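*Asks:* For reference, the chains in residue letters:
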Amino acid sequence: MIGALRRSARGTALLNWLSIVAGLIVWEAVARRLPHIVLPPPSIVLVRLAEGILSGELIIALLGSLEALALGLALAIVVGVPLGFALGRNRTFAEMFDPVLNAIYAIPPVAFVPFLIIWFGLHLPARIALVFLMSVFEITVAVTAGARDVNPSQIDVGRSFGARRLDLARKVILPAALPFIFTGLRIGLVRAINGTITAELFFAAINLGAIMNEDATRFDTAGLLSVIVLLSLLGLTAQAALRRIEARVLPWHIRAAT
Amino acid sequence: MRRLLLGLAGIAITLGVWELVGRRLGESLFAPPSAVVVQFGPQLFDGSVLPVLAGSLRQMLIGFGLAYALGVPAGVLMGRSKTIDALLHPWLSMAVVTSIAALVPLFILMFGTGFSFRISIVFFAAVWFVALTVYQGARGIEPRWLEVGRAFGADPLQSFSKIMLPALYPYLLISARIGLIHAIRAMVVAETFVVVGYGALIHNSGLSISTAPLLGLLLLLMVLGVGVTWMLRKASSFIAPWYEDRRSA
Numbered sequence: 001m002i003g004a005l006r007r008s009a010r011g012t013a014l015l016n017w018l019s020i021v022a023g024l025i026v027w028e029a030v031a032r033r034l035p036h037i038v039l040p041p042p043s044i045v046l047v048r049l050a051e052g053i054l055s056g057e058l059i060i061a062l063l064g065s066l067e068a069l070a071l072g073l074a075l076a077i078v079v080g081v082p083l084g085f086a087l088g089r090n091r092t093f094a095e096m097f098d099p100v101l102n103a104i105y106a107i108p109p110v111a112f113v114p115f116l117i118i119w120f121g122l123h124l125p126a127r128i129a130l131v132f133l134m135s136v137f138e139i140t141v142a143v144t145a146g147a148r149d150v151n152p153s154q155i156d157v158g159r160s161f162g163a164r165r166l167d168l169a170r171k172v173i174l175p176a177a178l179p180f181i182f183t184g185l186r187i188g189l190v191r192a193i194n195g196t197i198t199a200e201l202f203f204a205a206i207n208l209g210a211i212m213n214e215d216a217t218r219f220d221t222a223g224l225l226s227v228i229v230l231l232s233l234l235g236l237t238a239q240a241a242l243r244r245i246e247a248r249v250l251p252w253h254i255r256a257a258t
Numbered sequence: 001m002r003r004l005l006l007g008l009a010g011i012a013i014t015l016g017v018w019e020l021v022g023r024r025l026g027e028s029l030f031a032p033p034s035a036v037v038v039q040f041g042p043q044l045f046d047g048s049v050l051p052v053l054a055g056s057l058r059q060m061l062i063g064f065g066l067a068y069a070l071g072v073p074a075g076v077l078m079g080r081s082k083t084i085d086a087l088l089h090p091w092l093s094m095a096v097v098t099s100i101a102a103l104v105p106l107f108i109l110m111f112g113t114g115f116s117f118r119i120s121i122v123f124f125a126a127v128w129f130v131a132l133t134v135y136q137g138a139r140g141i142e143p144r145w146l147e148v149g150r151a152f153g154a155d156p157l158q159s160f161s162k163i164m165l166p167a168l169y170p171y172l173l174i175s176a177r178i179g180l181i182h183a184i185r186a187m188v189v190a191e192t193f194v195v196v197g198y199g200a201l202i203h204n205s206g207l208s209i210s211t212a213p214l215l216g217l218l219l220l221l222m223v224l225g226v227g228v229t230w231m232l233r234k235a236s237s238f239i240a241p242w243y244e245d246r247r248s249a
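Chains A and B, in that order, give the protein sequences. Letter by letter, the first sequence follows residues 1 to 258 of our numbering. Letter by letter, the second sequence follows residues 1 to 249 of our numbering.
Hint data in this document are derived by calculation from the structure and do not stem from the laboratory.
Covered by chain A, according to a simulated footprint, are these stretches of chain B (three or more residues, beta-carbon under 8 Å):
(1) 4 to 10
(2) 101 to 113
(3) 210 to 217
(4) 223 to 237
Far from chain A by the CB rule (all over 12 Å, computed), these chain B residues:
(5) Ser-34
(6) Leu-44
(7) Gly-47
(8) Ala-54
(9) Arg-58
(10) Gly-65
(11) Leu-66
(12) Ala-69
(13) Arg-144
(14) Leu-146
(15) Glu-147
In this text the structure is predicted, and so the values were computed from the model without any measurement. The beta-carbon is built from N, C-alpha and C at its ideal position, and this holds for glycine as well.
Please construct the entire structure, taking both the sequences and the accompanying hints into account.
*Replies:* This is the structure in structure tokens:
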């Protein structure tokens, strides 16, 4: 049984890689017939990516981007997690402010850009604000779901063993909601990475956004793609890393792969 | 009833706080709702806003329609075939984390800044989320249901149209909702970047002295998003009343 499972998991991984390789070959074959401005072949994109990393240009820009990313995400966690708990555990509060928050959430974050420029200018504070805006709702939604769906019988058990409100919050509700907090962090982190590059393109161009802008004015499609690939790989790696940490921290919680 | 009253109270409190803060900060920083109504109200009906929004939405809907037409079958195939899932999933995972804003300069080089650019951005933003949602629905179909069908002699076509399709109804609507929200976001990203359509209105109103018109434009987008969500939720409870939509996303 376990052997079969392992075989099928290995088969899936094999197919995954096969698909990636096949996709790259098709892309390469198609791109060789087209002008490189329209679609550069993956071989050139990979070379550009390697050059950018080895020359340090992309790495320095990426490190520069991390500042707004980290600050914006930290702010979103500090606001989103307690807000999520309040919405998940207090029904009156949730019924009052869920509609308002859902309505604000429905506004595309980029539409706030002119507003953020008025308030925060074109530099670091504005970038932090956009990263915050793009990640805070996702974190709040996930934490709300986690705090709301704590099994009531777990709380009852805690109560009958004499736990007080604070004990209940710390020892029952928090551990039960932790998987959802991790989900919120995972989605929030990806959104924060997207928010960072969005901010670097929509406010004053800087770091990776500046590199993309230069590539665009030089009609360097391969350069643009190399930055996009770098960012997507960063997002995937960050997600995988958080999954690893989650498995370490919450060994009792087995999550179905999505 | 209690829910409705509390919800209205929440909206009233939010508007009240906004009015107070807005008056404190002044119109140039954060116009209060009263100023938004007075300044944006007439604009809304003088033909400078709604036709532009309609034009933008028409293009968005073309991109979304293509994404939906392709994303739904892709999601069903991925959900029902392990092989197709294994082949498509790496690309889907990669695309889902990719920033739409980062794609904008790339798509401009590939497609220019016109019609095909706006449509392809919207398409790319929506198609993966539509596929992913339908995939989750298709994967969740219980093998037992299909076995019962087979036991009663259903051929593959019948078991698709009579068992799988009804099981997918709610997901068809959820995926439309999630896809449309992403499509509207992508429309705003693309239009604000190249300053065209509704995005141009947002961009230009950022330059005016009062923030009231800008806030009005944001509120209009909000009404649009909430309206779309509400309509598709209603449709969902009409078409698939057995499925209780508990997702808050």
